[in-house]
Every structure is written in C-alpha cells, then in structure tokens.
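Construct the entire structure; sequences and hints are all you get.
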Amino acid sequence: MKECKDVAWNAIHFQCPSGWEVDQIGRRHLRLDNGQGPVMEVKWGPVKGRFSHNAHLKRLAVLNSRRAKGRVVPWSLPADWKTALADFETGGFQWQGASAEGRGVSLYCPVCRNAALIQFFRSSPGADEKKILAVLKSFRDHPCDGQIVWSVFDIRAKLPQSLQLRRFRFDAGKFELEFTDNNQTIHLHRWAPAAALLGQGDLARFAGTIAQFSGGRPHATTVAGHQGIEWRTSPSAGWPQWIVRLKPQLSFFWYRLWLLKEKNRIFAVRAASRHPLDERQLDRICMDYETV
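Here the sequence shown is numbered in this note's numbering, starting from 1 and rising by one per residue.
No false leads were slipped in.
27 Å max Cα-Cα, derived DSSO-like pairs, lysine-lysine:
#, residue 1, residue 2
1, Lys158, Lys5
2, Lys261, Lys158
3, Lys43, Lys174
4, Lys130, Lys82
5, Lys263, Lys158
6, Lys43, Lys82
7, Lys5, Lys130
8, Lys174, Lys261
9, Lys174, Lys158
10, Lys82, Lys137
11, Lys263, Lys5
12, Lys5, Lys137
13, Lys174, Lys5
14, Lys137, Lys43
15, Lys82, Lys5
Hints were generated in silico from the structure; no laboratory data involved.
Here it is, written out as structure tokens:
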C-alpha cells in the first residue's frame, strides 16, 4: 500500500492509508476516521474457554441495535478476505443503519487465543476494497519477538511484552502512557511544542515545572544524538529492608528527558520500582521511543 502508516496499540498491529487517523481510542478499541467520517473500527481481547463466532455476532447485533439501530446479519467473506486472514479463524457480518452501513469480520487467533472484530464503514468515501485488503493482510494480534509496538498519533514505542498498559492520556500537547509488570512502572511522556514550552530555559528548568519530574540532580546525556538530561534516586543504603517493604513509596526512581529539536517535541521516560531498575532495558526503551 502506497502512502501507508503503522497503527499499533496493545498488541494489535496493522497498516492503513496515511489519511486515516485514530479518532477514538480505548484499552482494546480503536476507531479511525478519514476526514469525512469513520472508516474503520477494531475491538479485541483475550478469550476464555471456547470461542464462538455466532455468539460474537449476537453480542455485536445487540450492541449495534442500541447504538445505530442497525440490523447485523451473517455475511460470507469474499475469497480475498479469507486469503488475507488465513492465519485466523474467521466469520463475516454486515449491517445497515439509518445513516450508515458496514461490513466486517470476527477473528480468532488459535496461537494467542485473542478474538478481534474489524468493521469497515461503507458510508465513508475512501474505504475502497484495495485499501481494506491491505489493512487485513497486515493485521497482527500478537508479537513474535516478545516486544510490543505502540504507534498512534505521532509517537512510536517498543516495550517488552511483560509490561502491560495501565492507563493512558492524550491531551493537546501532552501525552502520557503508563505500563507495569507489577515489579516496576514505566511512564512514556511527550510534550509539544517544545520551543514554546522551553522558552528561554532548558530541559532541566522545564523538568522542574512538571510535578512528576521535580527534584533530583539532572546531568547531561544524549538519546540517539539528541540532547537530554537524566537522573536517578534510590533508598538510603542504611535503611533496614523491613522499612522498605512496609514503605513502598521508598522506591528506586529513574528519569530521562530529551529534546527532538527538528520535530519540536520533548520526550521523556520515567521509571519506578521497589527494586533496582534494569538500566539497559530503560536505555532500549528510550532508543525505541520516537516521533513519526
């Protein structure tokens, strides 16, 4: 597909036309808009027990009747859709409402035991068959290398599969994603526009204005050739371990901010744990965290 881009979120990954933008985002839900209306929607999640496409279709019918007053019916998938989704068990559906109509597919992956529902809205110009097939061919619902890609809006990151999404926030000029594996918490930050936020100051002064980054003694560093700052704190070596166990706030902290001057962005990674942090892992996370 020409002029395409990656979209990756919470283990799913696909390519779509560059003009399709995420306009709704949930923990396991994405809807994309092409500037003239919604064009694609995907929902997914783990399956417990046996998966049934018919049961999935019935749940969709109930949801769709409440939301769009449309009738959902089974639909035989075209041969090219089946070929594009050969790695999945599939079931097709279509629906029609008062002001929109669509078609889609429910998927079940026997490898990771995830189910997904992908639907395309026919009412939106631009959702032609070639683009739909390209999306379906590229769709993946689990990583093969233990690393999960996160690519939405203008950020792209790669983190170990063990780090699970806890919360996220996308505000104008300020993004934050939080991940945890129960032993540590990792935060990804992105601010823009950097020039206006920094003014006549530097990264250290800017960090001092952000509650989560205030304090500490930053020192200069570089991230992929970009100027940055970092620092760390840890419990006093003289504190008894029983105090550390009873006081979880007495943790190991690590901070790094860097400036992408040509993109007018400030990126940051911060980490916290009750145990010493793996700085090599944090270095890799920073190197794989970028703007697109």
